[in-house]
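Undergrad: Given the coordinates of chain P, work out where chain F should sit on it, guided by the hints.
Taken in order, these protein sequences are the chains called P and F. Per the UniProt record's numbering, the first sequence starts with residue 1, numbered consecutively. Per the UniProt record's numbering, the second sequence starts with residue 1, numbered consecutively.
Because the hints were derived from the structure by calculation, they are not lab data. Check before you lean on any hint, since a few could be wrong.
Said to hold, decoys possible - Distance condition first, Cα-Cα at most 25 Å in a straight line; then the derived BS3-like pairs of lysine-lysine: (1) K95(F) - K65(P); (2) K125(F) - K65(P); (3) K112(P) - K125(F).
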Amino acid sequence: MGESSVVECGSWQQHHTVSLLAEPHQDCPSNCQDPFTWKLPPSLALHVFSFLDPVSLGRCTAVCKAWRMLASDPRLWRRLCLRPDWQLASPAARHRQMISCRTDDGLMDWKKAFADRYRLHRNWLRGNCNVRTFHGHTQGVFCVQFDDTRIVSGSSDKTIKVRRRHYAAAQVLPVSVQVWNIRTNSPWSVMTLVGHSGTVRCLHLQGNRLVSGSSDCTIKAMLSMQFDFALINVPEPHLVWDLSTQHTWSSIACKVTMVGHSHTVRCLQVDEDKVVSGSYDHTLKVWDLRTGLCRETLVGHEGAVLCLQFDTTKIVSGSGDKTIKVWKEGRCAVTLNGHEDAVTCLQFDSCRIISGSLDRTIKFWSQETGACLSTLDWMKSEGHTGVIRCLQADGWRIVSGGDDKTLKVTLDPGSTFYWQHCGQEPTEMKVYHIINTW
Amino acid sequence: MVIARLQSKDGDIFIIDVDVAKRSNTLKLAIEMSKIDLDDDVIPIENITSNVLKPIIDWLTYHKDDEPSEPIKILKAKPYYISNWDKEFLKMDLKLLYEIMNAAHFLDIKDLVDLGCKHIANIIKISSHEELTEIFEFEATPILLTELEQIENM
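Here chain P stands alone, though its shape is the one from the complex (with noise of 0.2 Å):
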């Protein structure tokens, strides 16, 4: 009772009770080694524990029979688990670790699973990885999106393909979106959906709906059962995509085509029951998934618009005319001017919008205030000496492409990570190179 009560920060007070006359090792059964010979009581060597980084926590377990117990409590490990710099970047990949950890009585091994996003993080860190290369597109391949059973790319070849391995003989498709099995080893495609008639220019996957846009200035959204996708073509007509892969290639289908903008259709989003579309005829549609009517248009831009992301209450988009804004209710809230050209992807959390953009620099935007925090450059801290083309970041990094031909892997300043692993100084970016070339 007592111990819990330090580890987890809460009613530490109400334990005072607990009187040092008492003696330390009391509850404990007769075999019960003194974990510090310490004369601390479990509690407190706990709380000694909670002020540990997880190297020097894991070193612990290894020392003697008692600190091994007590150091791999898990309570300790939990807590690190509930750190923002150690959360896994999606709840799908949560989840799923909240399944592989559980032990035989149902309980959380969190210990395990603070291991599994430890060595997630050095891989990263360190640039471990395994190269696959997948074929199928015959040009130039322009937007791709994966999840944990597949991987979805658009291509100037106007399909959208999903190949299986004894489809290995697949005819090309003038135009496609291909979508491939991650989980075997099959360098092939196990699906082509076509339907595009331009480049297909972004696309977004969600769940079993698949969306994509394309210079065709259509949307198109698509649904399967089993591979759960939609496909959304974009400059004029958008289309949504119904998809079902049961071994057959009869069963996928355009739900939907979305017709309205005047031009290619560069950026998308979709939701439960909305797609948010950006265009180089510089304004933003908000469209209806199920009819695929056009419920609002965002004009203000004064360029193409590149790269968008909303939630429930806001849009933000970046644009050629070298600005982000931040839509609020049908209109534009706030004008975010400091990049030096045009906007070319951006994400935005709870407080801050990170983007990048041709002028080689990424940036750190307040919300609030729309005011510029920090800027990374290639000068003063190792960013890109290209243009940047796409960025993602989560709790603790932030990784971005360039036309320098890396990718680059920085950790957040914001972050709590950071501060351990890069010393004291805020003054320096730290960057980790996972690939040179391309």
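TA: Chain F alone, transformed into the frame defined by chain P:
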């Protein structure tokens, strides 16, 4: 200045500012709940000896103007930071430190307990396996590589 008289196990009496004493939640409760007449009565602390109580009072007196800390915030911001004064304070035998921590736990002085724990954690952090065995005086047991270490060595 209102004063409180604390009597240690050995019978020594320590006279301190009552506000200082109240930084210990246990003493605060005792003073406020039991209607002790501060002018006449001594507060007996029967399980803490003078050599332990003295440094605790020194520490309380030095830190009397500190803002009460929010534990979670401190942990997040500077998990290993210890001020210079505290570093001097901690230059003592570990045995005595354990006694002080136990006493601070009893007196419910959270910041002092945290300080002690942090100090020991720092020692653990910088010590090798052999040093740990020596410092904490336990019998050497065969080292099993832990999960984390196996990853470290990968």
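Undergrad: Sort out which numbered hints this structure fails and list those numbers smallest first.
TA: Hints that this structure does not satisfy do not exist here, as all of them hold.
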